[in-house]
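Novice: First to last, the sequence lines map onto chains E and B.
Here the first sequence stands for residues 1 to 339, where the numbers follow this note's numbering.
Here the second sequence stands for residues 1 to 354, where the numbers follow this note's numbering.
Hints listed in this document are in silico derivations from the structure and should not be mistaken for laboratory results.
These figures come from a predicted structure and were not determined experimentally.
Treat the hints with care, as some may be off.
[Stated by the list, open to error] Simulated restraints on C-beta separations:
id, chain 1, residue 1, chain 2, residue 2, range
1, B, 143, E, 325, 47 to 55 Å
2, E, 14, B, 221, 44 to 52 Å
3, B, 297, E, 107, 49 to 57 Å
4, B, 330, E, 281, 56 to 64 Å
5, E, 66, B, 297, 51 to 59 Å
6, E, 279, B, 221, 37 to 45 Å
7, E, 100, B, 342, 38 to 46 Å
8, B, 39, E, 107, 45 to 53 Å
9, B, 130, E, 150, 44 to 52 Å
10, B, 297, E, 202, 26 to 34 Å
11, B, 257, E, 243, 27 to 35 Å
12, B, 143, E, 107, 56 to 64 Å
13, B, 320, E, 329, 47 to 55 Å
14, E, 204, B, 300, 36 to 44 Å
[Unchecked claim] Chain B side only, calculated, beta carbon under 8 Å to chain E, not exhaustive:
id, residue
15, 68
16, 206
17, 213
18, 284
In this text, a Cβ means the ideal position worked out from N, Cα and C, and glycines have one as well.
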Amino acid sequence: MPLLEVNDLHVVYERRSEPDVHAVRGVSFTVDENQNFGLVGESGCGKTTVVKAILQALPDNARITRGEILFDGEDLTTLPRARIDEIRWADISMIPQTAMAGLNPVYTIGRQIREAIQTHRDGVSKAAAIERARELLELVGIDPDRVNSYPHELSGGMRQRAVIAMSLVLDPRLIIADEPTTALDVIVQEQILYRIGQLQQQLGSSMLLITHDISVVAETCDKIAVMYGGELMETGSVEQLFEDSHHPYTLGLQNAFPSIDERRELVSIPGSPPNLADPPSGCPFVPRCPFATEECGEPLPEIEVEEGHTTWCHEPMPFAEMREVAGKRETWITEVTSE
Amino acid sequence: MTAEVSSLDRATESYDGPVIEADGLTKHFPMESGLVSSLLGGETRYVKAVDGVDLHIDSGETVGLVGESGCGKSTLGEVLIGLQEPTAGSIRFFGQELTGDVPRDRMRKFRQNVQMVFQDPYESTNPRFTIGQWIREPLEIHDVPNKRERVLTALERAELSPGEAYLDQYPHQLSGGQRQRVSIARAIVLEPKFIVADEPVSMLDVSVRASVLDTLQSLGRELDMAVLYISHDLSLIKQMCDRTMVMYLGKVVESGPTDDLIGDPKHPYSQALVDAVPVPKAGNRVNKPPLEGEPPDPVDLPEGCNFRPRCPYATDVCYDEPTLDAWSADGGARHASCHRVGDFDPAHIRASDE
Chain E
1 MPLLEVNDLH VVYERRSEPD VHAVRGVSFT VDENQNFGLV GESGCGKTTV
51 VKAILQALPD NARITRGEIL FDGEDLTTLP RARIDEIRWA DISMIPQTAM
101 AGLNPVYTIG RQIREAIQTH RDGVSKAAAI ERARELLELV GIDPDRVNSY
151 PHELSGGMRQ RAVIAMSLVL DPRLIIADEP TTALDVIVQE QILYRIGQLQ
201 QQLGSSMLLI THDISVVAET CDKIAVMYGG ELMETGSVEQ LFEDSHHPYT
251 LGLQNAFPSI DERRELVSIP GSPPNLADPP SGCPFVPRCP FATEECGEPL
301 PEIEVEEGHT TWCHEPMPFA EMREVAGKRE TWITEVTSE
Chain B
1 MTAEVSSLDR ATESYDGPVI EADGLTKHFP MESGLVSSLL GGETRYVKAV
51 DGVDLHIDSG ETVGLVGESG CGKSTLGEVL IGLQEPTAGS IRFFGQELTG
101 DVPRDRMRKF RQNVQMVFQD PYESTNPRFT IGQWIREPLE IHDVPNKRER
151 VLTALERAEL SPGEAYLDQY PHQLSGGQRQ RVSIARAIVL EPKFIVADEP
201 VSMLDVSVRA SVLDTLQSLG RELDMAVLYI SHDLSLIKQM CDRTMVMYLG
251 KVVESGPTDD LIGDPKHPYS QALVDAVPVP KAGNRVNKPP LEGEPPDPVD
301 LPEGCNFRPR CPYATDVCYD EPTLDAWSAD GGARHASCHR VGDFDPAHIR
351 ASDE
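Work out the full structure, taking the sequences as your base and the hints as a guide.
Specialist: Structure, rendered in structure tokens:
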């Protein structure tokens, strides 16, 4: 049984005087024990909404209209609040994008970690909890004496590390990290990603990483799902998606992403994402896709390429050929209205 | 004074040196000291944001300035285009001195010929101005003729085409990529000789970054501008820049042709920076970083080499402050401010990881 199973998830944001926004439409994926899963997409693709749905932390005007989210067999969408609160922290923990969002400015780091432990674990003494806090800080590469520091006394990188320490406090089985290093410099990013990886190995926990950065995913994840316009476009292993992609959007993202390894022509994807207040009935990528044909206006088929590799595409051109021409700039300029 | 009016024009015609040059450029910010300590006569301390930088950029050349947040790269950009007064050092524009007692007309000409493209396309446009008004404003400030024609040319050059379609639009009607193109159009409408672009695409979605960068790059060549491209992202610098300078704690620690510097960095800090950049390919896993911790505050700088306390190769010789030409190669095209280049093998630090 997978640790996390999202099945046919639909999330709608209701708006008073405007049409509802269909932010997530039929998303399904699984995260196994001991697996690093990357959910990749650009702003507005719905990836953060998926995370909020998993954590049952959607805003009041959002509704899950269909689907289920099974964590270890329990459907998070139907569980009572009290059970959800137990699962969050103890089994699923969250590393937010901005460290300050995860820290209380008026308490010391040590006190915040200690309280997290004492709230969720009965019978842990104050001294034992503080000892654990020191241990965790050391694990993430912070001087244990920093337990007495306030968040503002730490640098940005240290705060982010402190948040990671807090998120690990109860040995969670699933860590959800939403752009955990986006605000950080590359050297600190490397330090933190390396630490997270090490800690995960020690704890045997899984990670769901949400990011726009395909290079971070390539270096940290086992499996990837690419999201666009509220839907999944392609899922597979890092090798399958980077070396044998079967989707024009995945190919487009790769072409647009610079690499320090080589100087090559970067090719943008023209146009902008669909308006999810009026979502298309067919493939959401159609207006920007250089390969789209009339058939692409039909609902997306799910194609299993091989074991573990799935694409949602009408295959308007054989995929092998598509990979060939997708790297060329001319492909993306023709017949698409400029951005 | 009247002779000064056209001196820049004359200078640019016969001049074939760098567009912009700086020597020993320094910007120190005094720190707010508390009331008590100032009453007690406490010494004012300084943040050494830029601490003795030499540089030059030729026309048509794009130079990358890379470093982590707080290294002083944005301050350096602002000092170079006159948004900040330098504490010390010299800046020359087409060979003419811009610091000290500068004739007003020379300064005016300079301002007309330098521009900046900022990071945030949402904050660097004015929501109450139409695109046309916004791009036209610099022309009015400098009282340049043929305004409408120039605005349209700038829009087309920034690849907002046809330009007429954008004139009466407001920023909120445009996407992030289009807004950044508007910023570019405004920056080039006076056909400046020198542009500083400070993280111009970091707020944009990946899929539109490439085309905005492309526009900047080709404009640099087409208009023969000197471009200083400031970024924390070496992957983008690799695509954009002819030469690159690496900055650490207010100083340039390495400079050279981009491909050489990234392919074979010499300064231990540049090595760590290059090493840390993730690669969008299968088969690269995040590895143990060669550096721990973060740069110290640029207030209490270490004795000798700034990088010494974090440097895995530091020895006693590093208590002596190295200059940028402590190491140089390729006939002076490459420089690194490190005494120990060649004495250490970056591979062995990796090997001793586990």
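Novice: Next, verify each hint and record whether it holds.
Specialist: We went through each hint and held it up to the structure:
no. : hint                         : verdict
1   : B:143 with E:325: 47 to 55 Å : holds (50 Å)
2   : E:14 with B:221: 44 to 52 Å  : holds (51 Å)
3   : B:297 with E:107: 49 to 57 Å : violated (24 Å)
4   : B:330 with E:281: 56 to 64 Å : holds (59 Å)
5   : E:66 with B:297: 51 to 59 Å  : holds (52 Å)
6   : E:279 with B:221: 37 to 45 Å : holds (42 Å)
7   : E:100 with B:342: 38 to 46 Å : holds (44 Å)
8   : B:39 with E:107: 45 to 53 Å  : violated (33 Å)
9   : B:130 with E:150: 44 to 52 Å : holds (47 Å)
10  : B:297 with E:202: 26 to 34 Å : holds (33 Å)
11  : B:257 with E:243: 27 to 35 Å : holds (31 Å)
12  : B:143 with E:107: 56 to 64 Å : holds (58 Å)
13  : B:320 with E:329: 47 to 55 Å : holds (50 Å)
14  : E:204 with B:300: 36 to 44 Å : holds (43 Å)
15  : 68                           : holds (4 Å)
16  : 206                          : holds (5 Å)
17  : 213                          : holds (7 Å)
18  : 284                          : holds (5 Å)
Hints 3, 8, counting from the list given before, are not met by this structure.
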